[in-house]
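Engineer: Fit chain L to the given chain A structure using the hints.
2 protein chains.
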Amino acid sequence: MKKLGQQTIQFDNSPQIISSASIVGKKEFEGPLGEYFDQVLKDAYHQQKSWELAQVKMTEDVLAKALEKVSLAQNEIDYLLAGDLLNQIVASNFAARNFPAAFLGLYGACSTMIEALAMAGLMVDGGAANNILAFTSSHYQATERQFRTPNEYGDKYPSYKQRTVTGGGTMIVSNQTGGVKLTEATFGKIVDLGIANPQDMGGAMAPAAADTILQHLEDTGRSPNYYDLIITGDLGKVGKSLTIELLAEQGCQVQDNYDDCGVLIYNSSQKVGAGGSGCGCSAVVTASYLLPQIMHNNYDKILVLGTGALLNPTISLQGETIPSIAHAVALESTGHLTSGIGREDIRQSLATSIEDLSGVE
Amino acid sequence: MKKLGQQTIQFDNSPQIISSASIVGKKEFEGPLGEYFDQVLKDAYHQQKSWELAQVKMTEDVLAKALEKVSLAQNEIDYLLAGDLLNQIVASNFAARNFPAAFLGLYGACSTMIEALAMAGLMVDGGAANNILAFTSSHYQATERQFRTPNEYGDKYPSYKQRTVTGGGTMIVSNQTGGVKLTEATFGKIVDLGIANPQDMGGAMAPAAADTILQHLEDTGRSPNYYDLIITGDLGKVGKSLTIELLAEQGCQVQDNYDDCGVLIYNSSQKVGAGGSGCGCSAVVTASYLLPQIMHNNYDKILVLGTGALLNPTISLQGETIPSIAHAVALESTGHLTSGIGREDIRQSLATSIEDLSGVE
Chain A
1242 MKKLGQQTIQ
1252 FDNSPQIISS
1262 ASIVGKKEFE
1272 GPLGEYFDQV
1282 LKDAYHQQKS
1292 WELAQVKMTE
1302 DVLAKALEKV
1312 SLAQNEIDYL
1322 LAGDLLNQIV
1332 ASNFAARNFP
1342 AAFLGLYGAC
1352 STMIEALAMA
1362 GLMVDGGAAN
1372 NILAFTSSHY
1382 QATERQFRTP
1392 NEYGDKYPSY
1402 KQRTVTGGGT
1412 MIVSNQTGGV
1422 KLTEATFGKI
1432 VDLGIANPQD
1442 MGGAMAPAAA
1452 DTILQHLEDT
1462 GRSPNYYDLI
1472 ITGDLGKVGK
1482 SLTIELLAEQ
1492 GCQVQDNYDD
1502 CGVLIYNSSQ
1512 KVGAGGSGCG
1522 CSAVVTASYL
1532 LPQIMHNNYD
1542 KILVLGTGAL
1552 LNPTISLQGE
1562 TIPSIAHAVA
1572 LESTGHLTSG
1582 IGREDIRQSL
1592 ATSIEDLSGV
1602 E
Chain L
1242 MKKLGQQTIQ
1252 FDNSPQIISS
1262 ASIVGKKEFE
1272 GPLGEYFDQV
1282 LKDAYHQQKS
1292 WELAQVKMTE
1302 DVLAKALEKV
1312 SLAQNEIDYL
1322 LAGDLLNQIV
1332 ASNFAARNFP
1342 AAFLGLYGAC
1352 STMIEALAMA
1362 GLMVDGGAAN
1372 NILAFTSSHY
1382 QATERQFRTP
1392 NEYGDKYPSY
1402 KQRTVTGGGT
1412 MIVSNQTGGV
1422 KLTEATFGKI
1432 VDLGIANPQD
1442 MGGAMAPAAA
1452 DTILQHLEDT
1462 GRSPNYYDLI
1472 ITGDLGKVGK
1482 SLTIELLAEQ
1492 GCQVQDNYDD
1502 CGVLIYNSSQ
1512 KVGAGGSGCG
1522 CSAVVTASYL
1532 LPQIMHNNYD
1542 KILVLGTGAL
1552 LNPTISLQGE
1562 TIPSIAHAVA
1572 LESTGHLTSG
1582 IGREDIRQSL
1592 ATSIEDLSGV
1602 E
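Heads up: the sequence lines are chains A and L, in that order.
For what it's worth, our numbering labels the leading residue of the first sequence as 1242, then goes sequentially.
For what it's worth, our numbering labels the leading residue of the second sequence as 1242, then goes sequentially.
Just chain A, with the same shape it has in the complex (with noise of 0.2 Å):
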């Protein structure tokens, strides 16, 4: 690997993702891309006594999916790179109770998959693993009672408001072939521009899903149009049409080539405000919709950022504003079809037609 530019690290050895899966709740089915995701929960307890528990057992499920999906054994995996929404990040830690792998803990809140996913690669391009399980999850009603309201008080959704995802997404990278290339990884700056309102996501993660795309293509000297895609983790309509303002502002313009997972996710009827947001937003779009796309060489190239509002509800009622943080990573098809990404029915029909998305609007 080497430092290129400011923020941005390139990948020598090509560490590879080389299966991929999700689980969601019922409402990520009822979306767009719904038909895209491995299994859906029957309902939000998952069989389990808690809903912390319920995201406990949806990150195991789709661990043991993604491990199946290539035939690989608990323990020819070096190390977990995980991370969540609940304090302490204990969906991730308590999955991994039961897994013969080292674990590395990450907090970025919802950009926690891409960050895991560029400390997984920086692992394997440095040789310090062979295959690394990077993971996370949100759960629409456990983080509801941590964030914000009581859950029995109801919700309601102003229109900039988004709903966290019911959804655990995971890939395995790895130093085996066939699969999606890693090749550049752009950790971002904490970026804060004074936003203070709990429900305001979108516009505080914003400003810094702008900075860390404008120093990704500064660090690597390209222009936005070198990606067939750019798309941030979980801005939802309010925080991606303000990503396109403060980009065009320093004169880079993205909006035939730009969406985010948010948006993606759920459609206009499903009443949810602004969209997406959660860890497992970015984590199962990009795990079973964006990577068979590259599989099928749909988008070549494309770059992901994950998107996190680091919003702490203590520091929040003493009046402080919400620092947010964007960390990228570039994705770029091997030309290979042979792997465990996204499912396979999918697979097989992305080799001839692409579906037409329509999203929230």
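Check before you lean on any hint, since a few could be wrong.
Identical copies go unnamed one by one, so any copy, or any two together, can satisfy a pair.
Unchecked claim - Below, a list of computed lysine-lysine pairs in the DSSO-like style, where the Cα atoms sit at most 27 Å apart:
#1 Lys1310 - Lys1512
#2 Lys1310 - Lys1244
#3 Lys1542 - Lys1422
#4 Lys1422 - Lys1243
#5 Lys1244 - Lys1283
#6 Lys1422 - Lys1244
Because the hints were derived from the structure by calculation, they are not lab data.
Structural biologist: Same frame as chain A, now just chain L:
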């Protein structure tokens, strides 16, 4: 770097800790290591309006101090690697808001300092960065009210309970020379032997500590006496005894060259139960006591373990147990005396003598 055994990474390019700094509360200053720390708080608020913001300010202070010691400017730092005990690691995030470097958030509870050091070593060793600031912090009052009892209820110390250290520590990992060498990192597995009492952190963490020590020795093919000192982060006297016992059961004898930062940081007259805990504990002891000892060849090789209890109050109230983790880094003298490590006056006095320390008995 190369993969060594199951969970260890050996560094090729000698990443070094070239500067370290610490800040502590009054209680820690009054302990046996008091004179080693760079800065002491006048009171728990540290001129801020809340304990959480005091912890942010402590972090800012200690980052500035570590840079000042080696005359590095903020823009010479490539990455910040950090986490802390506050939910959403806000002490670290908020301190990083005004820092012009990318931020990678980590969560390993009280193992965070060593997780950060290990990751920093990996990034510098791989050529991804020149200089990295690794840091963490904890604050007694802010931690207690988040994890356990409202502070107004007061606090009792049964013999097995530990006191959260008010302290912030930072280290600069660099490809420059003249400091203390990072030779290997061993990342730990999540270990959960079923302890569910949130006051018995030492007991919960000891099995993880023993597991990582044994794994490190197996991966490197070393015996425990390869190290002048093996030291855990914050097991306190209960966890320390248990670790010795667990290791002995596996035929690994460590009595003579094993200690614990949580035991060293307070003395028995301070009424702190079993000793110190919290992210800040291993951070300030390593930054300001251990590293200067290595610089002056009082120790040549030490193995430092960060030990984390991944306690989540919500899931704990649901009757769940406390998974734990321990990460290790091996540190080695380079024979150099010039650096920003520890306090200048301490380094001077260490050149001729070494203190006899009592600690919690």
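Engineer: Look at each hint and say if it fits the structure.
Structural biologist: How the hints compare with the structure:
no., hint, in the structure
1, Lys1310 - Lys1512, "neither (34 Å within a copy, 55 Å between copies)"
2, Lys1310 - Lys1244, "between (34 Å within a copy, 25 Å between copies)"
3, Lys1542 - Lys1422, "within (9 Å within a copy, 39 Å between copies)"
4, Lys1422 - Lys1243, "both (16 Å within a copy, 21 Å between copies)"
5, Lys1244 - Lys1283, "neither (46 Å within a copy, 41 Å between copies)"
6, Lys1422 - Lys1244, "both (18 Å within a copy, 21 Å between copies)"
This entry does not satisfy hints 1, 5, going by the numbered hints stated previously.
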